[in-house]
Each structure stands twice: as structure tokens, then as C-alpha cells.
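Colleague: Please work from the sequences and hints to get the whole structure.
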Amino acid sequence: MDFLSRYDLLGAFWVTVRLTVFSAIGSLVWGTVLAGMRVSPVPVMRAFGTAYVNLVRNTPLTLIILGTSLGLYSTLGLALADETSGTFLKDNNFRLAVLGFVAYTSTFVCESLRSGINTVPVGQAEAARALGLRFSQTLWIVVLPQAFRAVIAPLASVLIALTKNTTVASAIGVAEASLLMSEMIENEADKLFLIFLAIAAGFVVLTLPTGLFLGWVAKKVAVKR
Amino acid sequence: MTAAAAATPMIRMSGVDKFFGPLHVLKNIDLEVPKGQVVVVLGPSGSGKSTLCRTINRLEPIDKGTIEVDGQPLPAEGRALARLRAEVGMVFQQFNLFAHKTIVENVMLAPVRVRGVAKDEARRTAMELLERVGIANQADKYPAQLSGGQQQRAAIARALAMRPKVMLFDEPTSALDPEMVQEVLDVMTTLAAEGMTMLVVTHEMGFARKAADRVIFMADGEVVEDTTPEEFFAAPKSARARDFLGKILTH
Ligand SMILES: Nc1ncnc2c1ncn2[C@@H]1O[C@H](COP(=O)(O)OP(=O)(O)OP(=O)(O)O)[C@@H](O)[C@H]1O
Ligand SMILES: [Mg+2]
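Going down the list, the sequences are from chains A and B.
The numbers in UniProt numbering rise by one with no breaks, and the one at position 139 of the first sequence is 139.
The numbers in UniProt numbering rise by one with no breaks, and the one at position 41 of the second sequence is 41.
Incorrect hints may have been included.
Label pairs and their calculated CB-CB ranges [what the hints assert, rightly or not]:
{"#": "1", "chain 1": "B", "residue 1": "Arg-115", "chain 2": "A", "residue 2": "Val-33", "range": "26 to 32 Å"}
{"#": "2", "chain 1": "A", "residue 1": "Val-221", "chain 2": "B", "residue 2": "Glu-179", "range": "29 to 35 Å"}
{"#": "3", "chain 1": "A", "residue 1": "Val-44", "chain 2": "B", "residue 2": "Glu-179", "range": "48 to 54 Å"}
{"#": "4", "chain 1": "B", "residue 1": "Arg-79", "chain 2": "A", "residue 2": "Pro-43", "range": "16 to 22 Å"}
{"#": "5", "chain 1": "A", "residue 1": "Ala-161", "chain 2": "B", "residue 2": "Leu-23", "range": "44 to 50 Å"}
{"#": "6", "chain 1": "A", "residue 1": "Val-122", "chain 2": "B", "residue 2": "His-203", "range": "22 to 28 Å"}
{"#": "7", "chain 1": "B", "residue 1": "Thr-66", "chain 2": "A", "residue 2": "Thr-50", "range": "48 to 54 Å"}
{"#": "8", "chain 1": "A", "residue 1": "Val-42", "chain 2": "B", "residue 2": "Gly-116", "range": "46 to 52 Å"}
{"#": "9", "chain 1": "B", "residue 1": "Ala-136", "chain 2": "A", "residue 2": "Ala-51", "range": "48 to 54 Å"}
{"#": "10", "chain 1": "B", "residue 1": "Ala-175", "chain 2": "A", "residue 2": "Thr-50", "range": "34 to 40 Å"}
Because the hints were derived from the structure by calculation, they are not lab data.
Ideal Cβ placement from N, Cα and C applies to all residues, glycine included.
Modeller: Written as C-alpha cells, this is what we have:
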């Protein structure tokens, strides 16, 4: 087993964790905005939300991640880090990957939330409107808080999928766990199964507690009717 | 209040038509409710009572005609409409208390978020109102922990917290177990006696006799009778009203 200590497994998984956390926060924010658009009374917003979700959700993730690097950076010149810095490529690829994951994962957050919104009885929004709350207040104060509580379990699945999806970032050279795995396999072909096991175990360690914890939270905050 | 202000009706509907697709649910409704009047709306199921009630704060938009509240025509959807709704209290059959907030939070929410009242002041007012409707001891519970009657009284307190000019009630006791009906009607009767302008859709004849100044009987989207409770119950003019009363009063 000591060949493992020759590789920076922890460092690679740390990149995985950071990719996941930044992407999760971004997806939650952008996904909520998208859900707000999809239920908005303004037709232009609804149309944008629907078009965005249907387009992005049905595009393979690898295409989106490659698109951020080849399209946004190489072709359009969008740099997300300081180009004179020594770690430019590393930082830029990391951020481009996060951008791609946010663009993609937010569509799943949006659709989960929308199904959550459907579990909130219409009377809740009617009561809010009847009291003089504006559309945005009704959404943020009354409907979304109840919708979120209803979809914590499905959001946990989205988060777990995201954690595993971060391996796609290796396509643009982000040094996360699966990129290290490829490198290890090249050097230690005879230990193939051990390497697989070690990496798989790393992912289980990340995702299993997340799932269990959020399952517990979901029960705890469920809205009683 | 000047004479002119006093003469402005609280609610004025004229020539109001409402369709749900091909279904004509409100037919050329003309209705004026003066300030301080308590109006009970009666009628068979599907006659358009709820729809009438809901058009007054534009939860249902109308297809034709005009509606004014205290002399002000109903604005289109937006900030102005939200402001007007803040002055029109509404109580629903299903209570519709915010399920994720405690009772006192339910009552405080609109004053804080819509009127910008400071939280501690809003809480004080909310507790006074809950005291008034007899459920101050339930303030920190969630709606699902209360009985139906308690929930409906909380919903009335929530509406009153906005100091509305007029209150709309859509079958406030129809979802309640029989033993809880009276506690809600008592709150409404007190409110009526205090001079609140009220439009109440209900099948509670006792309330209509005791608290109402006026009875409106609807059938098929039309106002068929518009009279005092005494006259309506003693001598309904239309066959539809006689038929309706016969069914209601025999059970
Ligand atoms: N959102 C809607 N879409 C389509 N039709 C509707 C809608 N709301 C009500 N209706 C129809 O409009 C008519 C009037 O309904 P309304 O709810 O106003 O009657 P109501 O007098 O309140 O009846 P009830 O005593 O059963 O509450 C009914 O035929 C009803 O089916
Ligand atoms: Mg009704």
C-alpha cells in the first residue's frame, strides 16, 4: 500500500472538495434565480428560464466543461485569473470548471425547486398576496422557504451527482482526484484495482456523510401541514 | 371624515362580468357596500360567491366593468395593487396560515414586510390581536399544531394586523368541526359590532340574522335578492331563494 504515499491523494481530493463546494454554492444561487424566473409572471423571464434549462440540462457535461476552456478562454479570451501570475493556468482552469459546473448543475437545482414549489398549496401564495406582499416577497418569504424544505432530499442527490461530476474537470487539466488516478494508473499498472478502490473510497467518504446528513436535515425541517 | 368621504361606498362594483373560459360566473354585477355595513352573501354552490369575494382584491381579475375600493379603482397587477390589497383583509375557508411560521410570526409578517413596522412593535400589536381572538397562549406554535377554530382565529388576527378598511370572508367556518364554528363566529360578530365593513360568504344563518345589516342572495352568477336579513328569511321573493332556504333550514 505504501506506493499510495508517493502521491498527493489528499491534495487531489482537496481540489475535488473545493470544486464541489464552490460549484454547489453557485448552483444553488443561480438555480434559485432560474426557478424564480420560471414561475415569474413576466413572460420574457419565463421564456428565458425555460430555454436555458432545456438547453443546458440536455447538453453533455463534458461538452460544457470543454466549452468553457476552448470556447470561453481559448477563443473568446475570457480569463478568470491574473494572466501574469505563475499559477494562471491552474487557477483559470479551476474557475472555468466551476463556471461550467454551476451552469450545468443549476438546471437540476432549478427543476428540483420547481417541483418543491408545486408542493406548496396555492392558498399560501394567495394569502401572501391578499396581505399586500409583492410577487418577489411572496416568492422569497412564503413560497421558496417552504419549497426548499420539501426538496432537501432531491437536492442532496444533486449535490452527490455534482461531487462525482467534478471528475469531468480533468478534461481541462484540473488536478482533482480522477486526474491523479489516471497518472497513478500509468505509473503503477499492476496495482490497478487498488488504485480504483482507493479513489472510489475517497468519493464514498465525501458523499455518504453528505447524503446521511442532508437526509436528517430534510426530516428535521419538513413543513407540517 | 367629511360628508363626501363618508358617502363614498367602501366597495363599489358596476357592470362586472367574469368568465372562466366559456363559463359566465359573474353576470353584470352592480353592488355598493357603504362604510360600516356587514353584508352576508348567500347562494347555492357554484353561484359565484367566492369569485365575487375574490374579485374585490383582484385575486381574480374581471373581464368587464369596474371595481372601486373606498373610491379607488382597482389598479393592475403591481405595487399599487399590493398597496390596495394591504387595506383589504381576507379570510379564507382553508385558513392559509403560513405553514413554516409560528402564529405570532404569521400575524407580524405583513406589518413588518409591507408596512415597515419595527419588529418589536409588530410583535406587541400581534400579541394584542391574538389576545383579542383568544389564542395568545398559542403564539409560538406552528399552524399545524392548532385546532381549525384556533387557526381561523389566527388568520383573522393576521388580517386585522394590517388595520384593513374592509374585511372579506369566504366561508370562514365551512372547513371547521361543528364545535369550533361558534368561537370563530363570535370573533366575527364582535368585529361587526365594532363597525368594521364586512362582506361575508357563509351558510351560517345565525350569524346572518344576528350580525348582518344586509343579505345578498346569488344564483348563477347574478344577484337575485338584495335585502335585510329579516325580510330575506321571513319572505324571500324569488323561487330560487325559497328553494335554497328550504334546503338549508331543514337540516
Ligand atoms: N379557477 C377556476 N377555473 C375554472 N372555473 C372556476 C374556477 N373557480 C371557480 N370556477 C367555477 O366558477 C363557478 C363559480 O365558482 P365559485 O367558487 O365562485 O362558487 P361559490 O358560489 O363560491 O360555490 P361554493 O359554495 O361551492 O363555494 C363554479 O361553476 C366553479 O366551478
Ligand atoms: Mg365558494
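Colleague: Hint says 48 to 54 Å; check whether the CB-CB distance for Val-44 (chain A) and Glu-179 (chain B) agrees.
Modeller: Holds - the Cβ-Cβ distance for Val-44 (chain A) and Glu-179 (chain B), about 52 Å, lies within 48 to 54 Å.
Colleague: Could you tell me whether the CB distance from Ala-136 (chain B) to Ala-51 (chain A) stays inside 48 to 54 Å?
Modeller: 51 Å, holds
Colleague: Tell me if the beta carbons of Val-42 (chain A) and Gly-116 (chain B) are separated by a distance inside 46 to 52 Å.
Modeller: 25 Å, violated
Colleague: Can the suggested window of 29 to 35 Å be confirmed for the beta-carbon pair Val-221 (chain A) and Glu-179 (chain B)?
Modeller: 33 Å, holds
Colleague: Does 16 to 22 Å hold as the CB distance between Arg-79 (chain B) and Pro-43 (chain A), or does it fail?
Modeller: Between Arg-79 (chain B) and Pro-43 (chain A), where Cβ atoms are some 19 Å apart, the hint holds.
Colleague: Could you check the hint for me, namely that Ala-175 (chain B) and Thr-50 (chain A) are 34 to 40 Å apart, CB to CB?
Modeller: Hint holds: Cβ distance 36 Å, inside 34 to 40 Å.
Colleague: Does 44 to 50 Å hold as the CB distance between Ala-161 (chain A) and Leu-23 (chain B), or does it fail?
Modeller: 46 Å, holds
Colleague: Taking the beta carbons of Thr-66 (chain B) and Thr-50 (chain A), is their distance inside 48 to 54 Å?
Modeller: 35 Å, violated
Colleague: Given the hint of 22 to 28 Å, check if Val-122 (chain A) and His-203 (chain B) actually sit that far apart at their C-beta atoms.
Modeller: Between Val-122 (chain A) and His-203 (chain B), where Cβ atoms are some 23 Å apart, the hint holds.
Colleague: Okay, Arg-115 (chain B) versus Val-33 (chain A) on CB: inside 26 to 32 Å?
Modeller: Between Arg-115 (chain B) and Val-33 (chain A), where Cβ atoms are some 28 Å apart, the hint holds.
In summary, the structure is inconsistent with hints 7 and 8 from the numbered list given earlier, while agreeing with the others.
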